[in-house]
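*Asks:* If you want the building blocks of each chain, they are given just below.
Protein chains: 2
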Amino acid sequence: MLGVTVFRIGEAAELLGVSADTVRRWIDAGRLPAGRDEAGHRVVDGAELAAFVRAAGNDPDERADASSARNRLRGIVTAVVKDTVMAQVDIQCGPFRVVSLMSREAVDELDLRVGSVAVAVIKSTTVVVERVPSKGRTS
Amino acid sequence: MLGVTVFRIGEAAELLGVSADTVRRWIDAGRLPAGRDEAGHRVVDGAELAAFVRAAGNDPDERADASSARNRLRGIVTAVVKDTVMAQVDIQCGPFRVVSLMSREAVDELDLRVGSVAVAVIKSTTVVVERVPSKGRTS
DNA sequence: CTAGCGGTTCCGCAGATGCAGCCCGGTGTG
DNA sequence: CACACCGGGCTGCATCTGCGGAACCGCTAG
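These protein sequences, in sequence, are chains A and B.
When we follow our numbering, the leftmost residue of the first sequence carries the number 64, and every step to the right adds one.
When we follow our numbering, the leftmost residue of the second sequence carries the number 64, and every step to the right adds one.
Just so you know, not all the hints are guaranteed correct.
Identical copies carry no separate label here, and so any pair may be met within one copy or between two of them.
Unchecked claim - In silico SDA-like pairs for lysine to any residue, Cα to Cα no more than 25 Å straight-line: (1) 145 with 167; (2) 145 with 110; (3) 145 with 94; (4) 186 with 165; (5) 186 with 148; (6) 145 with 83; (7) 145 with 192.
Derived from the structure by calculation, the hints contain no laboratory data.
Could you put together the complete structure from these sequences and hints?
*Replies:* Okay, here's the thing in C-alpha cells:
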C-alpha cells in the first residue's frame, strides 16, 4: 500500500465545489495535472489536487488570506439565540456554517446580531480531524 | 442606535466573495432585497444579506449540508508536518485553511497524508467570535 | 469655493461555468 | 448471456460572472 490517493473527475469536482465539466476543462488547459486510467478516464493525484486547491484558495480571496493565518473564518452572522446565561451564534463562513456557544454577556458586549460581520477563531489544538470513509484508493 | 446593520453594494460583494456587478444583478433580479439611499445607491440590510447567504450556502452543496450539522468542515489535506510527538495537519476547506495540532500517533493511525480527504471537527464551545472593526453602520 | 479621490450606476463585451444530449465502457442482476 | 444502471468522455449552447469605460455623487484637503 503505497497510499497514493487518487480521485476520479467526479470526486475531484465535488471536492472543489464545481462541476465535472469544469474540472475536465482545467485538466485539458493544463492547470491541473492528471493522468488517464486504462479506460481513458482522467485520474487526479491527491497531492496534485491538494496543491491546486491550496493555490486556488490563496490567490483570489484576500479575506481568506487574512483568515488563513490562524484558523480565522470570516463570515456573516445568520442567527443569534440568547438564553439566560448562554447564547448560540451561527456564522455562515463561505460554504460552511459555524456554530459558537458563548456566554450571553459576551454576545451583548460584542453587540452581535443577525447580519453582523464576525470572525470565528479556533485554536488549532481544539480541531479534531476525522478521516473520510470515502473514495480515494491506494494504488 | 437601532443597530440595523446595512451594507453598501461593495461591502456585500466582498462578504459574498463576488464582484459588485454580480451583487447588483442579483438585486435587480429580485434575488436579494435591497433599497436605495438618498443618492440612488443600493443598500442591503444585514438581516437580508444573512438570509441570502444562508440560503445560498445550503442549497448547492450537499457536502456543506452534511457539514452544517455541527461544525464539520470537509476539505483536502494540503500539508502534514510530523514532529517527534506532535504533528500539524493543514486542511483546505473551501476558501479557508484550517490547521490542526494533534499527536503524531493520531496522524499515523488515521493515515493522514497530503491529498487525503478529511473533516475538521470543532466543538462549538471552543469557537471564539471576534467582531470585525468594520463597516456596517447602525441606522 | 474648487479640485481630487473613492465608490456607485449603467452599458457592453469576453471568458468561464453549468447543463443537456449522445455514445461508450464497466458492473451487477435476473 | 442479456439487460439495465451508473459514471465518464465529448460537443454545443445558454447563462453567469468579471472587467473596462464613461458619467455621477459625496467626502475631504487645499
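*Asks:* Now tell me, hint by hint, if it's right for this structure.
*Replies:* Quick rundown of the hints versus the structure:
1. Taking the shortest Cα distances, residue 145 and residue 167 sit within 25 Å of each other inside one copy (6 Å), while across copies they are farther apart (39 Å).
2. Taking the shortest alpha-carbon separations for residue 145 and residue 110, only the inter-copy value of 17 Å comes in at or below 25 Å, while the best intra-copy value is 44 Å.
3. With identical chains, the CA atoms of residue 145 and residue 94 are never at most 25 Å apart, being 48 Å at best within one copy and 30 Å at best between copies.
4. Proximity of residue 186 and residue 165 under a CA criterion of 25 Å is satisfied in both settings, with 15 Å inside one chain copy and 12 Å between copies.
5. In this assembly of identical chains, residue 186 and residue 148 lie within 25 Å of each other by CA distance both inside one copy and across copies; the values are 24 Å within and 19 Å between.
6. Taking the closest pair of Cα atoms, residue 145 and residue 83 never come within 25 Å of each other, the shortest separation being 43 Å inside a single copy and 34 Å across copies.
7. In the homo-oligomer, the alpha carbons of residue 145 and residue 192 lie at most 25 Å apart only across protomers (15 Å), although the nearest pairing inside one protomer, at 30 Å, exceeds that limit.
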